[in-house]
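> Sequence:
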Amino acid sequence: MTGPAVCESVVCFSHCRYTGKERDTESGNDYFGARYYASSVGRFMSPDWAAKATPVPYAKLDNPQSLNLYAYVGNNPLSRIDPDGHIDCSGKNASGAGCQAIAKFNSDHGISPTAPKSNFPGVPVKLPNGSTVPDPHNKTTGLLMSPTADVSDVAAAGKKAGQDAAAAGGPIAPGALIGFAITLGEAVGTGGQFDYQRVGPQSDDITGGFQQLGQFRDVSNFNVGLFAQQAGLTIEDTLTTAGQFARGLPGIPFSSNYSPGSPYGLDPRTAEFIRVGYQAGTMTF
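Heads up: the sequence shown runs through residues 37 to 321, numbered per this note's numbering.
FYI, nobody ran anything at the bench for these hints, they're computed from the structure.
Quantities reported herein were computed from a predicted structural model and do not represent experimental measurements.
Calculated pairs, PhoX-like style, for lysine-lysine (alpha carbon to alpha carbon, straight line, at most 20 angstroms):
| id | residue 1 | residue 2 |
| --- | --- | --- |
| 1 | LYS162 | LYS175 |
| 2 | LYS162 | LYS195 |
| 3 | LYS153 | LYS140 |
Turn these sequences into a full structure, and let the hints steer you where they fit.
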């Protein structure tokens, strides 16, 4: 990557390299937070580690690639990125209020964390002004449901991302979206911090290895709009970037939300709730 980009939500120039990470000019290695990555050999320079001592951090015994503690995203860089230098960032996601609520429900109802699905019903989203959000697709409550009623953390994260970019020379404009898309993906993309539809560790395929909660599809797209609005993106840029994420690589869509015949390449329901989240950001946060 050359020219203006975003390194960890900060605009930078020639020292930004692979997936927007900062390159150390002396060693030529890229800094991921937990450790350094050597693009010349396609591997990390030190083994992965976990906060809790374990012989092989983040390993899955049914996946031999996970036993290589120097590998980058299980040797599958075409469909996965590494936000912080750890092979599996499910531990970060698990600390959120939504994942905590899901974990408690699963435990109370005998649902294993590794089960492919959970039927946790969630609670209605409650906006700062006390109002709820209608969801005509929810035939049970008629409301937008979420693992956690409070989505202010989504708004706060979006605002901080926008402030970080602006402080480093922003604003976030179409020309800067390529770099900012990394930040957007880590927050509200597939398996991101505020993607309540999918919880748990990623497998080698970015669309697999999660516990699926389809009942939170709409709030996950609502979060995309809210995060982007608070970050300072226009609704046009938000929908365009979301469509680019969904489209993925040629012939390999990253999301079932991809609809090549629809505006922005998004199926209408996805675009609908991105707009609802965006509008909520303009009025209540």
